[in-house]
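Visitor: Whenever a hint applies, use it, and build me the whole structure from the sequences.
2 protein chains.
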Amino acid sequence: MTATVNESIRNGVDTATLFATLDAVKAAPAAAEFQFRASNEWINGTHSRSTIDGFFGVGEERAHERTFHFDADHPAVLVGKDNGPTPVEHLLHALAACLTAGLANIAAARGVRLTEVRSTVVGDIDLNGILGLNPNVRNGYQQIGVHFTVKGDAPPEVLKAIVEQSRQRSAVFDVITNQVPVTIEVDAG
Amino acid sequence: MTATVNESIRNGVDTATLFATLDAVKAAPAAAEFQFRASNEWINGTHSRSTIDGFFGVGEERAHERTFHFDADHPAVLVGKDNGPTPVEHLLHALAACLTAGLANIAAARGVRLTEVRSTVVGDIDLNGILGLNPNVRNGYQQIGVHFTVKGDAPPEVLKAIVEQSRQRSAVFDVITNQVPVTIEVDAG
Numbered sequence: 355m356t357a358t359v360n361e362s363i364r365n366g367v368d369t370a371t372l373f374a375t376l377d378a379v380k381a382a383p384a385a386a387e388f389q390f391r392a393s394n395e396w397i398n399g400t401h402s403r404s405t406i407d408g409f410f411g412v413g414e415e416r417a418h419e420r421t422f423h424f425d426a427d428h429p430a431v432l433v434g435k436d437n438g439p440t441p442v443e444h445l446l447h448a449l450a451a452c453l454t455a456g457l458a459n460i461a462a463a464r465g466v467r468l469t470e471v472r473s474t475v476v477g478d479i480d481l482n483g484i485l486g487l488n489p490n491v492r493n494g495y496q497q498i499g500v501h502f503t504v505k506g507d508a509p510p511e512v513l514k515a516i517v518e519q520s521r522q523r524s525a526v527f528d529v530i531t532n533q534v535p536v537t538i539e540v541d542a543g
Numbered sequence: 355m356t357a358t359v360n361e362s363i364r365n366g367v368d369t370a371t372l373f374a375t376l377d378a379v380k381a382a383p384a385a386a387e388f389q390f391r392a393s394n395e396w397i398n399g400t401h402s403r404s405t406i407d408g409f410f411g412v413g414e415e416r417a418h419e420r421t422f423h424f425d426a427d428h429p430a431v432l433v434g435k436d437n438g439p440t441p442v443e444h445l446l447h448a449l450a451a452c453l454t455a456g457l458a459n460i461a462a463a464r465g466v467r468l469t470e471v472r473s474t475v476v477g478d479i480d481l482n483g484i485l486g487l488n489p490n491v492r493n494g495y496q497q498i499g500v501h502f503t504v505k506g507d508a509p510p511e512v513l514k515a516i517v518e519q520s521r522q523r524s525a526v527f528d529v530i531t532n533q534v535p536v537t538i539e540v541d542a543g
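Quick note, the sequences are listed as chains A and B, same order.
Residue 355 is where the first sequence starts when you use the numbering used here, and the numbers rise one by one after that.
Residue 355 is where the second sequence starts when you use the numbering used here, and the numbers rise one by one after that.
Because the hints were derived from the structure by calculation, they are not lab data.
Some clues are possibly wrong.
The list treats identical chains as one, so a pair stands whether inside a single copy or across any two.
[To be verified] Calculated pairs, BS3-like style, for lysine-lysine (alpha carbon to alpha carbon, straight line, at most 27 Å):
(1) Lys435 / Lys380
(2) Lys435 / Lys505
(3) Lys380 / Lys505
(4) Lys435 / Lys514
These numbers come from a predicted model, not from an experiment.
Guide: Set out below in structure tokens:
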């Protein structure tokens with residue numbers, strides 16, 4: 355029995371559970387409707403802190419095993435106190451982590467054992483946009499580049515195809531390369 | 355002298371330095387060309403860790419005052435170990451933090467003292483997309499909603515206008531609501 359259980363775990367991914375989850379969602383598609391959330395509190399200057407704990411999924415309200423807190427700030431050169439990375443750096447982390455999680459899952463599903471996955475994400479931004487100094491410059495990144503180093507027990511073409519499949523199924527890649535409508539409501543007073 | 359220095363600090367934002375920075379960039383627009391980066395290392399399963407330290411800006415290579423590390427994972431219900439929030443939750447944090455930093459800066463520049471800024475960001479996502487079970491469902495968020503509570507020494511309309519200006523100058527809001535090209539390169543073997 356133990357050998358059978360271990361067989362199903364590849365790259366730390368329990369493929370038996372992964373396939374069972376896919377079957378469960380096929381049978382009840384509404385289980386896949388999730389809502390994720392972050393709450394943020396302004397601390398001082400450009401420094402704020404987000405709390406991430408509850409989310410909705412598989413038909414009910416859920417909570418992470420612990421509550422996560424993340425700080426964001428601007429560095430001194432951008433008139434902040436450097437209490438955390440800038441928001442745009444957090445975004446690059448989100449992209450790298452999303453592509454990497456997908457990579458591990460897809461490799462596991464395809465029977466490929468990974469030994470190393472590293473990535474560097476770089477984003478070019480011209481702050482003349484957010485500073486309001488040039489109306490022709492956008493506020494956000496002009497382009498983002500991701501560089502992966504992937505090693506495992508498969509030929510380079512197979513490893514590259516796994517990265518490509520991860521790109522095609524990445525939530526954060528989709529958010530960044532396609533547009534998502536964002537509504538903002540304000541209680542002020 | 356001390357009184358003068360204190361006068362320039364509002365909401366923890368040194369407005370004298372903020373305006374001096376704006377003037378410096380007006381005089382030398384290339385100073386505003388930044389590159390931000392995150393490096394990510396796969397740990398196990400859907401768990402990865404990003405490192406954020408160096409960046410380029412104001413004409414030279416720079417480093418944060420300390421190196422930041424962030425973990426991302428999937429919760430058990432998504433076949434992970436919950437070692438960190440999901441990548442899509444990190445993205446919501448990035449959006450909240452970006453809008454909030456802008457709010458503090460803009461309020462300071464407009465002479466408004468803030469006493470409280472809180473926000474909740476929620477994102478709706480149907481995982482039938484990333485699970486590859488329904489080609490009509492996108493991978494990323496279908497919509498994102500932000501709810502701000504803002505208090506300060508100005509009428510509600512003035513506070514709301516500050517949030518609106520922050521939206522119009524937010525880098526992360528722009529990335530999410532407009533598209534950014536992302537290139538992915540892979541070294542495999």
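Visitor: Taking the hints in turn, state whether each one holds.
Guide: Hint-by-hint comparison with the structure:
no.: 1; hint: Lys435 / Lys380; result: between (49 Å within a copy, 23 Å between copies)
no.: 2; hint: Lys435 / Lys505; result: between (39 Å within a copy, 23 Å between copies)
no.: 3; hint: Lys380 / Lys505; result: neither (32 Å within a copy, 46 Å between copies)
no.: 4; hint: Lys435 / Lys514; result: between (40 Å within a copy, 26 Å between copies)
Going down the numbered hints, you'll see the structure goes against just number 3.
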